[in-house]
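S.K.: Read left to right, the sequence shown gives residues 86 to 267 (my numbering).
One should not assume that every hint holds.
To be verified - The calculated label-pair distances, taken between Cβ atoms and stated as ranges, are:
1. D105 to A258: 41 to 49 Å
2. M123 to S256: 23 to 31 Å
3. A217 to C188: 37 to 45 Å
4. P128 to A238: 27 to 35 Å
In case anyone wonders, no lab produced these hints; they're calculated from the structure.
Computed from a predicted structure; not experimentally measured.
The beta-carbon is built from N, C-alpha and C at its ideal position, and this holds for glycine as well.
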Amino acid sequence: MIHGYIRVSTRDQNKDMQFDALAAAGVERFWEENASGMISRRPVLVDLLDTLVDGDTLVVYAIDRLGRSLIHLMTVVAELTRRGVEVRFLREQIDPRTPMGRCQLGMFAVFAQYERDLIVERTLDGFAAARARGHKLGRRPVQTPDRVVTAAALRDQGMGPADIAQTLGVSRATVYRMLGSQ
86 MIHGYIRVST RDQNKDMQFD ALAAAGVERF WEENASGMIS RRPVLVDLLD TLVDGDTLVV
146 YAIDRLGRSL IHLMTVVAEL TRRGVEVRFL REQIDPRTPM GRCQLGMFAV FAQYERDLIV
206 ERTLDGFAAA RARGHKLGRR PVQTPDRVVT AAALRDQGMG PADIAQTLGV SRATVYRMLG
266 SQ
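The whole structure should be built from the sequences, with the hints applied where relevant.
M.R.: Below is the structure:
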């Protein structure tokens, strides 16, 4: 059977290009996932790898869709090859069953990890620059002084934590934290 693995990092990214390329390559069963390539134990990928048997083919649009960690990529491909599973990367046109293919795979895997490391570095640099300009990062706090007063007033009127949470649009744990600070 020919299996195809499709991965995007965020829900905003579109899977259509990967799906079309894999369909054109004859993929019979598609496995789709929204997860970072740096996470090696992705649920869909784990299920897919457990499903593959001798004679199957795994088709992936590009090496970095399978993962961005050099060690993870090389381990997965070596294990699949050992089990008799053919692995095909459409964009790079690499055959990891040959010495040259393994060499090329290693080089591309190094670049995939390097690209990921650069993304992390640029992100951290951007955060540092934003903080230096006085920007606050992260989501806005749910527990504001006004909400604490409102939660306390609702409690004093006899409302329970679950109802207060629903009224304020927060979790019960947040209500307990708010009321604990009172």
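S.K.: Decide, hint by hint, whether the structure agrees.
M.R.: Hint by hint, here is what the structure shows:
1. D105 to A258: 41 to 49 Å: Holds, at about 44 Å.
2. M123 to S256: 23 to 31 Å: 29 Å Cβ-Cβ, so the 23 to 31 Å window holds.
3. A217 to C188: 37 to 45 Å: holds (43 Å)
4. P128 to A238: 27 to 35 Å: For A238 against P128, whose Cβ atoms are near 44 Å apart, the range 27 to 35 Å is violated.
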